[in-house]
Amino acid sequence: MANLILMVVGTVIVFLVILLLFPSGSKNDISGRLASLDDPDGTQQIASATESELNKPFVDRVIRPMIAKLAGKSEDNKDAKAKKKAKSGLKKMLAQAGFPGGLTVAEFAVIQNLFKVFCPFIGLAIGFVIKPNLALMGFAVGAIIGMMAPKMYLQKKIAQRQHDIQKGLPDVLDLLTVAVEAGLGFDAACDKVVEKMRGPIPNEFSLTLKQMRMGEARRDAFKSMSERVDNPDFNAFVSAIIQADQLGVSIGQVLRIQSEQLREKRRQRAEEESAKAPVKMMIPLIFFIFPNVMLVIGAPAAFQMIEGFSGMKQ
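Counting from 0, one number per residue, gives the positions in the sequence shown under numbering that gives the first Met the number 0.
Simulated from the structure, these hints should not be mistaken for laboratory data. Some hints could be false.
[What the hints assert, rightly or not] Simulated crosslink set (EDC-like; lysine to aspartate or glutamate; CA at most 16 Å straight-line):
| no. | residue 1 | residue 2 |
| --- | --- | --- |
| 1 | Lys-195 | Asp-219 |
| 2 | Lys-209 | Asp-190 |
| 3 | Lys-150 | Glu-106 |
| 4 | Lys-166 | Glu-259 |
| 5 | Lys-191 | Glu-180 |
| 6 | Lys-264 | Asp-244 |
| 7 | Lys-166 | Glu-272 |
| 8 | Lys-279 | Glu-259 |
| 9 | Lys-222 | Asp-244 |
| 10 | Lys-191 | Asp-170 |
| 11 | Lys-209 | Asp-219 |
| 12 | Lys-86 | Glu-106 |
Produce the entire structure from the sequences given, and follow the hints as far as they go.
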């Protein structure tokens with residue numbers, strides 16, 4: 000019975016982990032659109048839609064619709080005032096992580112609740128299979144993992160994305176500077192970044208340009224992008240762009256200055272990390288390397304001293 004429970008609950012957790020780790024594979028079926036032009040009756044279009052649906056991953060066909068339905072029910076049943084603050088915090092974290100897997104706030108909240116429900120029972124089953132006395136401990140460990148795992152996953156995604164943004168921002172500024180000084184407008188230069196580069200910053204630029212084309216002001220669109228990213232270097236870049244736009248300063252000159260400052264900051268960070276290296280090396284040196292060295296050097300001398308003292312006694 001315990002093995003059956005472990006198998007069922009483990010299968011559910013594996014599906015949830017797959018949903019978190021692998022993004023959605025659904026894309027626009029352009030070939031289906033083109034085929035619909037030659038099919039006024041819609042027969043081929045229906046067949047193409049069915050084939051496209053069957054070609055989707057299992058996560059998109061089965062798991063994601065289930066999560067979406069649960070998210071809809073939770074939205075209907077929850078108290079908006081009580082959970083508004085938690086939802087806004089989760090939305091900010093998801094935005095900083097780049098909305099991994101295309102998950103919405105409600106869907107991620109459902110996944111969190113499912114982890115909290117199923118992980119304790121998985122721990123209980125594992126502990127019971129190993130040793131019945133460990134069932135309670137397994138339940139407690141599973142409960143802790145269920146509460147912390149989704150948030151830790153999100154924090155890891157945020158840290159990785161922040162690192163990628165901080166690392167790629169100088170290169171993005173260089174491309175923007177070259178494009179602006181070559182005669183392109185700033186919006187066209189941002190289009191070049193989206194076209195030529197890959198990463199979180201071009202993705203944010205693409206979303207911001209779409210907002211601007213829908214009628215949003217450049218200042219408001221860039222402020223929204225800064226709030227989504229929430230990186231100090233990126234925020235300084237956005238503030239400089241907004242000020243240059245308001246004051247009529249040359250954007251090319253501002254971009255060049257920002258690029259030089261960011262490269263100087265990157266050099267200072269590298270020097271800071273290199274200065275921390277000797278301090279970080281002290282712990283393995285003291286606890287792992289020095290004892291072995293003392294053992295290799297001192298052991299022969301200790302044996303010789305023992306032999307000498309034993310000879311004197313005789």
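How the hints compare with the structure:
| no. | hint | in the structure |
| --- | --- | --- |
| 1 | Lys-195 with Asp-219 | 25 Å, violated |
| 2 | Lys-209 with Asp-190 | 11 Å, holds |
| 3 | Lys-150 with Glu-106 | 14 Å, holds |
| 4 | Lys-166 with Glu-259 | 14 Å, holds |
| 5 | Lys-191 with Glu-180 | 13 Å, holds |
| 6 | Lys-264 with Asp-244 | 24 Å, violated |
| 7 | Lys-166 with Glu-272 | 15 Å, holds |
| 8 | Lys-279 with Glu-259 | 30 Å, violated |
| 9 | Lys-222 with Asp-244 | 13 Å, holds |
| 10 | Lys-191 with Asp-170 | 13 Å, holds |
| 11 | Lys-209 with Asp-219 | 13 Å, holds |
| 12 | Lys-86 with Glu-106 | 11 Å, holds |
When the structure is compared with the earlier hints, violations turn up for hints 1, 6, 8 and for no others.
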